[in-house]
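So the sequence lines, in the order shown, correspond to chains P and X. Under the numbering used here, the letters of the first sequence match residues 1 to 102, in that order. Under the numbering used here, the letters of the second sequence match residues 1 to 477, in that order.
One or more of the hints may lead you astray.
Not everything, but these chain X residues come out facing chain P in the computed CB check (under 10 Å) [what the hints assert, rightly or not]:
id, residue
1, Phe351
2, Asp352
3, Val355
4, Asn356
5, Cys358
6, Ile359
7, Asp360
8, Phe363
9, Lys383
10, Ser386
11, Ile387
12, Met388
13, Asn389
Residues of chain X placed beyond 12 Å of chain P at every Cβ, according to the derived structure [what the hints assert, rightly or not]:
id, residue
14, Ser18
15, Ile67
16, Ile97
17, His184
18, Gly197
19, Tyr203
20, Ile236
21, Phe273
22, Lys347
23, Asp353
24, Ile367
25, Glu462
Read the hints as simulated data drawn from the structure, not as lab findings. Built from N, CA and C at the ideal position, the CB exists for glycine as well.
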Amino acid sequence: MVQYDMESNITDEPNLVCSFTEQMDTANCLKVEEEILNKVRESKVPVIFNMQDVDYVSSVFLGMCLKVSKEIGFPNFTVINVQPNVKKVFKIAGFDKQISIT
Amino acid sequence: MTDPKTFNVNKIMEKAASAAAVFSQLSQEHTDRIVKAVYEAAFDNRVKLAKLAHEETGKGVWRDKVIKNVVASQFVYENIKDQKTAGIISCDEKSGIVEIAQPIGPIFALIPVTNPTSTVMFKILIALKTRNPIIIGPHPSALKCSTETARICYEAALKEDAPEDCVQWLNEVSMDLTHELMAHKGLSLVLATGGAGLVHAAYSSGTPAIGVGPGNVPVFIEQSADARFAVEQIIISKTFDNGTVCASEQAIVAERTNADEVIAQFKQQKCYFLTQEEVKTLEAVAYDSKRGLMNADIVGKSAPVIAKMAGIDVHADTKLLLARLDGVGKEYPLSGEILAPILAFYKVGGFDDAVNQCIDLNFYGGIGHTVSIYSNDEEKIGKFASIMNAGRILVNTPSSQGAVGGIYNTLDPSFTLGCGSGGKNITTDNITAKHLLNIQRIARRRINSRLEHFDQNLYFDESLDAKAIEKKFNMND
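This is chain P alone, in the form it adopts within the complex (with noise of 0.2 Å):
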């Protein structure tokens, strides 16, 4: 459901690249949220969410994105690859404003 990923070829610094591989709707959030937030803490590095393979989010993973962004700072956390979908989700929410979303 999440592959980790800190040998990222996305930026040349560490990072911790989290790929989502399935729907990020509230079961599937709840089974990795823990997981991802622990791997947060240990790496003490900037992280990556991949949202390539994503096309719906729930409240949950919304929820776990500020919860990632209030472990490591807002400036060290960055979504990549989302699509319109989820895009619009990010717009309506305001998340666009505190987080790098491309």
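Using the hints provided, position chain X relative to the given structure of chain P.
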């Protein structure tokens, strides 16, 4: 001693109240005679008023203002003339519901400098059709042409025995007077078409208001589109009255696969792509960084005139100035609304990237207004439409004329385009006569056949859940 300013506003509102009272007695037939006379007078003066507007404001193109006046008079009239707006407008014996249209009362209509005669014609026609007196509040830079339009309409109305003072206009304009009128207890509605500040003031006045949000129209030229046709249509739209329509295109988004063809078409059709240095120069001229808005001096000017203001050398027949941008937001001043023949241009990867780019533009000052797509792929058109936040999603259509309605589609012709809650408006509709009515409903007693045979004591039985109650209820169907 009476404050002259207060006296003035009170006097205006006293006259409006009297006009409203008399108006409420008029029949549909009499109302329609008045509206027809006003339409004909407005239409007959379309050229004179267009020229007057152009001379006074120095904005736009007089021939295009003639077309705006035609839409605001003839097209609007054709659209509303057969509508029932007085007395009983529907009667359904089966449901027992009778609808009665009542006027809402005095309307204060704020008029923008960009459409100073057409918007007056439009608002007067829809107000009189619904038996509402109207007070025209012109823009200070278009006082003469707006008041002359109002005078012509009023005199035509009087010839058909319209109520005295059913159309009034302000011969002087000040923010104090405007605010006082908007907040007057006798006023029923503010029809606010203008800048964001004015619209916000209307909403804050305590009087019901129908306002419009700002636009920032992205145009997605999808790879299945005919690039030559798309560019031709965009030029028709963006040069119309030198881009003063709030629904005019603001940014072009093309995919990697067709961007070069689109660029070539723009160049072939006499549009100029600015260098990065020229983009910076133009930003300083086109954007007022202190106010965070477009510079009013370039609104409605032609591309060569604006280029000259910026010290950019372009051919005299240049139609549009295009600026290639990498982003959207304050750091990219040309990515916002500019009511002039200037377009931002974005070359992106594929379909999803293009839609994401349009979302950014849509949400940067244009939520709820209008978006545009050129495509021959119905699936992609549908996806684009479902994701954008816009009252009008125009397909293969010039957006200026398309959003106004009645020319390229069957949208209600209107010079007040609702932008929904995203634009802080109550509706996404093209505002027209139906929005200026109070609909009363007579509800006659009718039997609810299911409720009639349902034992309502069951509601008090806590052991019955919604499904159980529904089952019992439907047994009597």
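Against the structure, the hints:
For phenylalanine 351/X, the shortest C-beta to C-beta distance to chain P is roughly 9 Å, which falls under 10 Å, so the interface hint holds. The restraint placing aspartate 352/X at the interface with chain P holds, with a minimum CB-CB distance near 6 Å, inside the 10 Å limit. Of the supplied interface hints, the one on valine 355/X holds, with its beta-carbon coming within about 4 Å of a beta-carbon of chain P, less than 10 Å. Using the Cβ-Cβ criterion of 10 Å, the hint placing asparagine 356/X at the interface with chain P is satisfied: the shortest such distance is roughly 5 Å.
At about 9 Å, the closest approach between the beta carbon of cysteine 358/X and any beta carbon in chain P falls short of 10 Å, and the interface hint on this residue holds. Against a cut-off of 10 Å between C-beta atoms, the interface hint on isoleucine 359/X holds, since the closest Cβ of chain P lies about 5 Å away. Look at aspartate 360/X: its Cβ gets to within about 8 Å of chain P, closer than 10 Å, so that hint holds up. A hinted interface residue such as phenylalanine 363/X counts as satisfied when its beta carbon comes closer than 10 Å to some beta carbon of chain P; here the least separation is about 5 Å, so the hint holds.
Look at lysine 383/X: its Cβ gets to within about 7 Å of chain P, closer than 10 Å, so that hint holds up. The beta carbon of serine 386/X is positioned within 10 Å of a beta carbon in chain P (closest approach about 9 Å), and the interface hint is therefore held. A distance limit of 10 Å between C-beta atoms decides the matter here; for isoleucine 387/X the minimum to chain P is near 5 Å, and the interface restraint holds. Satisfaction of the interface hint for methionine 388/X is found here, the shortest Cβ-Cβ separation to chain P being roughly 9 Å, below the 10 Å cut-off.
The interface hint given for asparagine 389/X is met, as the beta carbon of that residue sits about 8 Å from the closest beta carbon of chain P, less than 10 Å. Non-interface status of serine 18/X relative to chain P is upheld: no Cβ of that chain comes within 12 Å, the nearest being about 47 Å off. Listed as outside the interface, isoleucine 67/X is consistent with that label: its C-beta sits roughly 36 Å from the nearest C-beta of chain P, beyond the 12 Å cut-off. Under the 12 Å C-beta cut-off, the non-interface status given to isoleucine 97/X relative to chain P holds; the minimum distance is some 37 Å.
With 12 Å as the threshold on Cβ separation, the claim that histidine 184/X sits away from chain P holds: the shortest Cβ distance comes to roughly 36 Å. Every CB of chain P is more than 12 Å from the CB of glycine 197/X (nearest about 22 Å), matching its label as outside the interface. With a cut of 12 Å on Cβ distances, tyrosine 203/X stays outside the contact zone with chain P, its closest approach being about 21 Å. For isoleucine 236/X, the requirement that its beta carbon stay farther than 12 Å from each beta carbon of chain P is met, with the minimum near 28 Å.
With a least beta-carbon separation of about 25 Å from chain P, phenylalanine 273/X lies farther than 12 Å from that chain, consistent with its non-interface assignment. The Cβ of lysine 347/X sits about 16 Å from the closest Cβ of chain P, beyond the 12 Å cut-off, so the non-interface label holds. For aspartate 353/X, the requirement that its beta carbon stay farther than 12 Å from each beta carbon of chain P is not met, with the minimum near 9 Å. The beta carbon of isoleucine 367/X sits about 9 Å from the closest Cβ of chain P, which is not more than 12 Å, so the claim that it is off the interface is violated.
With a minimum CB-CB distance of about 31 Å to chain P, glutamate 462/X clears the 12 Å threshold, and the non-interface call stands.
Comparing the model with each earlier hint shows violations of hints 23, 24; every other hint is respected.
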